[in-house]
Amino acid sequence: MRRALELASRCAEHSDVPIGAVVVREDREIAAAGNERELRADPTAHAEILALRQAASVGEGWRLDGCTLYVTLEPCAMCAGAIVLARLHRVVFGAADPKAGFAGSLGNLVQDPRLNHEATLVPGVLAGECGDLLRAFFRERRSR
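In this text, residue positions in the sequence shown follow the working numbering: the first is 1, and each later residue adds one.
These aren't lab readings, by the way, just hints derived from the structure by calculation.
Even glycine gets a Cβ: it sits at the ideal position worked out from N, Cα and C.
Fair warning: there could be bad hints in the mix.
Simulated restraints on C-beta separations [stated by the list, open to error]:
1. Val122 with Ala41: 17 to 27 angstroms
2. Pro123 with Thr44: 37 to 47 angstroms
3. Arg144 with Thr120: 36 to 46 angstroms
4. Arg144 with Arg28: 39 to 49 angstroms
5. Phe138 with Arg40: 16 to 26 angstroms
6. Glu60 with Val122: 23 to 33 angstroms
Make a model of the complete structure from these sequences and hints.
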């Protein structure tokens, strides 16, 4: 999660919401990304999506069996769907997202038994630090 926080803190350089994501397989980082929606002018350029794409390209294909995703903010519906489709084993996230989170807050797509895959969830890891980074970003943005 520390690595994800590091990536998140760099997002402000290009005016993106500070969210970082890291994919790990067998205790080794295979992909990492920060949020790049503003940088790429792409609504799908969430940190999770970018990290999953990268992990699929360096691994043995799109199935990320046995991998863990560390992300600083609870995944949204789009990212939760991608997590299920990628067959991630585990998702570890920092801050909950009561307005858009779909790994426990608004719903739980990541563990919906109606879908073809369920990932293990570990919420709240370094939640205070992850939340502080987001709050500072939005406080700065509002003061402009």
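- request: Go ahead and decide if the range 37 to 47 angstroms is satisfied by the Cβ distance of Pro123 to Thr44.
  value: violated, 24 angstroms
message: Quick check: does the Cβ-Cβ distance between Phe138 and Arg40 fall within 16 to 26 angstroms?
response: Because 21 angstroms falls inside the window, the suggested range holds.
query: Okay, Glu60 versus Val122 on CB: inside 23 to 33 angstroms?
result: holds, 25 angstroms
task: Starting from the hint 17 to 27 angstroms, judge whether the C-beta atoms of Val122 and Ala41 obey it.
output: With Cβ atoms ~33 angstroms apart, the hint is violated.
Beta-carbon spacing of Arg144 to Arg28 - inside the hinted bounds 39 to 49 angstroms or not: Because 40 angstroms falls inside the window, the suggested range holds.
message: I want to verify a distance hint. Is the separation of the beta carbons of Arg144 and Thr120 within 36 to 46 angstroms?
response: Given range 36 to 46 angstroms: holds, Cβ gap about 40 angstroms.
Hint compliance for this structure: hints 1 and 2 are broken, all remaining hints hold.
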